Amino acid sequence: MILLNLAWRNLWRNTRRSVIVLTSVAIGVVATVILDTLSRGMIFQMLNNQVGSHVTHMQIHRAGFHKNPVIQNTIADPERIETVLRSDPEIVLYSARVVTFGLLSSATNSSGISIVGVDPERERSLTTIRSYIVEGSYLTGAPREIVIGKALAEKLEVGLGDRVVAMASAKDGTMGSELFRVAGLFETFSSEFDKTSVYVPRSSAQAMLELGSEVSEFAMLVTDPDRLAEISKRLRSRLGEEYEVLPYTDLLPFLVLQIELYDQSMVIFYVIVGIALIFGIINTMLMSVFERIKEFGVLKAIGMKNGRILFMVLTEALFLGIIGTVVGFLVGYLVYLPLSTYGLDLSAFSGSLRSFGVGAIVYPVLTAGVITNALIIIPLMAVTGAVYPAVRAMRLEPVRAIRYV
Amino acid sequence: MTNPILQTKGLEKIYENDGVPVHAVRGIDLDVFAEDFLVIAGPSGSGKTTLLNLLGALDTPSAGRVFFEGTDLSSKSKSELASLRLQRMGFIFQAYNLIPVLTALENIEFTMMLRGIDKAERHARAQAVMEELGIAELAHKRPNHMSGGQQQRVAIARAIVTDPAVVLADEPTANIDTATGKALLDLMERMNSEKHITFIFSSHDPQVIGRGKRLLCLRDGRIDSPRE
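First to last, the protein sequences are chains A and B.
Each number in our numbering comes from the position in the first sequence (counting from 1) with 621 added on.
Each number in our numbering comes from the position in the second sequence (counting from 1) with 126 added on.
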């Protein structure tokens, strides 16, 4: 305890110097925490946007459809799937969809698209796509309505009420086509999604593609997304190998990989910030050691071993690191709180953000990873910075050190 | 006759000063016995502090041997020598050298903490020694709030609180006035006679020299005139 006391008091021998180092550590931590929470916010927003607007928590397809989404690979007995989903207590909502790729043409232009045939009533609660409607309305259930992205409408030079023709390969190998009337335009977080996705009534899609009552997929929401692994395993065992049950982590592997890569890259980022701080710590601790050469000589003379000298100097640096980190984290948290409520308006960069599927307002996300990265890595780096000064103190010869002026 | 606590045989110390070899100690044979009150005297540069450092295992000889309680110190590692100093020796320095951020009580407890003595015991022992040396009222003062004499009393308390076999004092009265010096010497004499602690001084202060039960005069690193 005396050693800890001694280390603590040594820290405040030169208050101004310690405060300067603490401030630099704190500023580094504030900047890192804000950057980290905002970056995580962007990634989570990308993921939540995709999951919420279209992908949903989990999807069921006929086996192989995810890798090879051809119209022939459909679910022939959707009633069986519905029976299973209805009886599962952890499935909150589900909806059957028809999904295929095709061409959408207007009088002036055409564009390759992903046609999604949905049950408007069920889809209303399942996804958030309705909230992105900027002109007209979402599908009302009337036949041959189509909802398209605003960007696609501009490309095709169509507006509300205009007619467009969708074409795609039907299940029997013929070319299916259907005339639709534009009922609504949406503008989502992703310009790419707006250019390539259209929504039509499922019955119209089934008719156009000669599917009868067959569907391409079931999309669903569960009560607790953290239990997706267990739920999907249970559904797999009930449905058999004929079907694939894919949680969003399998449906959006790139985004999930991005999150994992981000976690690892942030550790490296914290280490880099820590390395920058190390130089301040080395300087401070070296000055502190040089100022106390005589004292280290006395400590060694009265029998203090090198291990304890090392412990004392490292503890001083640890205190610096901990105080600086805690202060920096608290300040960072105070900045984070309003940002997490009101978000950070990045409208100036909305174009590039939309291309990544992120909205113009970014909400930072504070995770356990942010807390552990900041509270562990930075103090550890501070201790690392004190190793060299501590070794210098350990190498002092008591006789010379005591005489040092 | 009892065995010496400290013994030197053919002790030599040569160190370099700006590249010039300086023969600080030349072939000293010395026996220090329990309860000695030995003063190593001599003019500046005579080698008395170097000899004290060699006796206190703070420095290593260039030639010759130092034996502490019969053990050759040259066979010990630095860590073992640190343990020996901690367990069996006490040190008093000319400039007191208390730890400035610790109170008097904490300074005295410090060596006991290094020895692993539990908090209650070291607290009790430190307070007892402070009472004995008449410095109890200084317990919670830091060195910068004490006079030189008070600091040296605390340094003495720090040196003797662990009941060492020998206390080595380098010019202990050099930085304090005569009256305070006399009081400190009285104190150390009392510790010597009552607690049977062996004291070895290096000093050129006539007051200290006069108190020595044994006197060893050094000149140019050699024993000039021993007085028993």
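It is worth saying that the hints were derived from the structure and are not from the lab.
If you're wondering where the values come from, they're calculated on a predicted model, not measured in any experiment.
For every residue, glycine included, the Cβ atom is placed at its ideal position computed from N, Cα and C.
Hints should not be assumed to be uniformly reliable.
Simulated crosslink set (DSS-like; lysine-lysine; CA at most 27 Å straight-line) [unchecked claim]:
(1) K926/A <-> K915/A
(2) K135/B <-> K245/B
(3) K339/B <-> K926/A
(4) K816/A <-> K854/A
(5) K816/A <-> K792/A
(6) K915/A <-> K204/B
(7) K245/B <-> K926/A
(8) K816/A <-> K776/A
(9) K321/B <-> K308/B
(10) K321/B <-> K339/B
(11) K267/B <-> K245/B
(12) K245/B <-> K321/B
(13) K308/B <-> K267/B
(14) K202/B <-> K135/B
(15) K202/B <-> K915/A
(16) K926/A <-> K308/B
(17) K308/B <-> K339/B
(18) K915/A <-> K321/B
Selected chain A positions facing chain B (Cβ under 8 Å, derived; list incomplete) [unchecked claim]:
(19) L627
(20) A728
(21) V919
(22) K926
Rough simulated footprint, nothing fancy, chain A against chain B, three-plus residues with beta-carbon under 8 Å [claimed, not checked]:
(23) 149 to 156
(24) 314 to 322
(25) 329 to 335
Now the hints, each set against the structure:
1. K926/A <-> K915/A: 16 Å, holds
2. K135/B <-> K245/B: Violated - the C-alpha atoms of K245/B and K135/B are around 41 Å apart, more than 27 Å.
3. K339/B <-> K926/A: Violated - the C-alpha atoms of K926/A and K339/B are around 34 Å apart, more than 27 Å.
4. K816/A <-> K854/A: 35 Å, violated
5. K816/A <-> K792/A: 25 Å, holds
6. K915/A <-> K204/B: 18 Å, holds
7. K245/B <-> K926/A: Roughly 20 Å between the alpha carbons, so the hint for K245/B and K926/A holds.
8. K816/A <-> K776/A: Answer holds: K816/A to K776/A is near 8 Å, not above 27 Å.
9. K321/B <-> K308/B: Holds, at about 19 Å.
10. K321/B <-> K339/B: 16 Å, holds
11. K267/B <-> K245/B: 19 Å, holds
12. K245/B <-> K321/B: Roughly 23 Å between the alpha carbons, so the hint for K245/B and K321/B holds.
13. K308/B <-> K267/B: 23 Å, holds
14. K202/B <-> K135/B: Satisfied, since the Cα-Cα distance of roughly 17 Å is no more than 27 Å.
15. K202/B <-> K915/A: Cα-Cα ~24 Å, so holds.
16. K926/A <-> K308/B: 34 Å, violated
17. K308/B <-> K339/B: 16 Å, holds
18. K915/A <-> K321/B: Answer violated: K915/A to K321/B is near 30 Å, above 27 Å.
19. L627: Given a least distance of 6 Å, the restraint on L627/A holds.
20. A728: 87 Å, violated
21. V919: Interface hint status for V919/A: holds (4 Å vs cutoff 8 Å).
22. K926: Since the shortest Cβ distance to chain B is 5 Å, the answer is holds.
23. 149 to 156: violated (count 0)
24. 314 to 322: Contact hint for the segment 314 to 322 of chain B vs chain A: violated, 0 residues under 8 Å.
25. 329 to 335: This one is violated; 0 residues, fewer than the three required, reach chain A with a Cβ under 8 Å.
The earlier numbered hints that this structure contradicts are 2, 3, 4, 16, 18, 20, 23, 24 and 25.
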